[in-house]
Amino acid sequence: MKKRISKTSVEVAKVTIEPETNVSRFVIRKLDNEDLKPQNKSELLKNVNQENNNLSINFDSEISVESNDAKIVKRFINRLKINELDNLIKIDDPIISIITQIADNKGFEVYLVGGYVRDYYLDRNRTDLDFTVVGDALAFAKLVAKEFKVKPVIFERFTTAMVPISQEAQLEFVGTRKEEYLPNSRKPIVTIGTLYDDLARRDFTVNAMAVSINAKTFGQVIDKFNGLEDIQKQILRTPLDPEKTFEDDPLRMLRAARFASQLNFSIEDKTIEAIIKMYKRLKIISQERISSEFFKILESPQPSVGINILSETGLLSVFFPQLEKLKGVDIVKEGTTTYAHKDVFYHSLKVLDNISKVTNNVWLRFAALLHDIAKPQTKRFHPQSGWSFHGHEDIGAKMMARLFRDFKLPLDKLEYVEKLVRLHQRPMMLVDEEITDSAIRRLAVQAGDALEDLFILCKADITTKNPRLSVKYLENYDSVARKIIDVQEKDKLREFQSPVRGEEIMEYCKIEPCKAVGIIKTNIEEAILDGKIQNDYDEAKQFFVDNINNWLASLNPKDIRKSI
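Counting from 1, position 237 in the sequence shown corresponds to residue 237 in our numbering; the numbering is continuous, with no gaps.
If you are wondering where the hints come from, they were derived from the structure by calculation, not from laboratory data.
Since the model is a prediction, treat every value here as computed from it, not as a measurement.
The beta carbon of each residue, even a glycine, is placed where N, CA and C say it ideally should be.
There's no promise every hint is true.
To be verified - List time: in silico SDA-like cross-link candidates among lysine to any residue, alpha-carbon distance up to 20 Å: (1) Lys532 <-> Arg501; (2) Lys149 <-> Ile96; (3) Lys562 <-> Gly502.
Stated by the list, open to error - Derived CB-CB ranges, DEER-like: (4) Asn361 <-> Phe381: 32 to 42 Å; (5) Ile276 <-> Lys233: 16 to 26 Å; (6) Asn360 <-> Gln287: 20 to 30 Å; (7) Val153 <-> Lys413: 22 to 32 Å; (8) Asn360 <-> Ile331: 30 to 40 Å.
Let the hints inform the model, and build the full structure from the sequences given.
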């Protein structure tokens, strides 16, 4: 491993971007009064040259490195960190300091493992605090829990414990172990192992590093599988043979796509080949675990990276065939005219990436991915006009309930996603100058609290490569949004419901709670939406009184429950 500038002489600061010049810059600050030694300057310049002169460097009171490409600067920082003297990393977390004291006082050998070490080198926020304990991890976890005055959650079978010291911080402790999965089992057989065994059982080399938190070796990195080198290369590779790694826990194949999407890493060829060979083994994994990984892909900066990997390796077909079916283009030739539609799969990924640039709302991202999910069922060819997908938005919305059940998703998010899928084409239908206020009111009421998100989805759905058309579509959506705001304010529709409440209807009609009450409220609401009356209590009450006898006479007697 290359030797870098002495750790006692300099410290790498965070990247800052200067907006006026669009230059990414970071500073290596001196920690003492010594000048940099010539060989250290030479090492820095060598690193600069490896970036094809796209970095500039100067050696004044502090060393500054600049480039108009932020990725180059970040890669340079990673190289400097990876080449640290003696593989030491700096840890200044007060929680870890307390755990160090407990470990040393009670004679335990403890390491931080996995994501914490990886994210240190990637300069990412380090939220995971996972510890491996050589020895009795459960006993150590109980000591930590006692120190923080909380109760540990113990998983005896897996020699694992969770110590929830706050809502933001949960500490996980696991004993060094081996894991073995039987061919059709979702749960591993766990046996005691060494630190090497524990690191070897992990999914990828970048997650198979450990750092000592004992005082004598504090900050020392253990990297048995060249994880640092793979971080530098930005590649995902398994510590052991990939087929063995995926045989043990097939979810790791999904995690490969997730980390590629989160970290913008590539997956080595041998690992990809193993996934393609073994993708069907994912079927033994519980849906909850699959959904968790899939939604982490949706939360990544560019989700299409991970979803493309899932599709290309076969994994997507195992747990999300409805999405996989969007792939492909149908072409029909009539005389000299060729009719083709866009590839709905790649269009959906483009919409997902578009929306991910402007929102972190994962349910809005999920709706963006699924907005055209029913196009295969509604696809029709019409001679002399081409392809249509009439009604795909309504059928797609109806598919959401089944998808939510299959994916074991929280049902309190179902109505929101259904609404966005159902309404995603409606704003474009309201572009016409002659559109009525009634149509505007209906969209505003139907979208409700999701109205703003609906327009975010509609704008993300603009994937044309024609800049002129793109601008035109955006202006159209802005025009509809202004119309809706005007009507909302005029008609007081923001929290729209019948001004005549159900209790008043029951008292006036001398009926008990029944279907008739809902029908009467709907009649009043429809009159407001159609512009027959204002969204005003007095007008609505008079409309109700004037029409109630006719409404009741038209209802099925079974829908009316008279008061006794």
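Here is what the structure says about each hint:
no. : hint                          : result
1   : Lys532 <-> Arg501             : holds, 19 Å
2   : Lys149 <-> Ile96              : holds, 16 Å
3   : Lys562 <-> Gly502             : holds, 14 Å
4   : Asn361 <-> Phe381: 32 to 42 Å : holds, 36 Å
5   : Ile276 <-> Lys233: 16 to 26 Å : holds, 22 Å
6   : Asn360 <-> Gln287: 20 to 30 Å : holds, 24 Å
7   : Val153 <-> Lys413: 22 to 32 Å : holds, 26 Å
8   : Asn360 <-> Ile331: 30 to 40 Å : holds, 38 Å
In summary, this structure violates none of the numbered hints.
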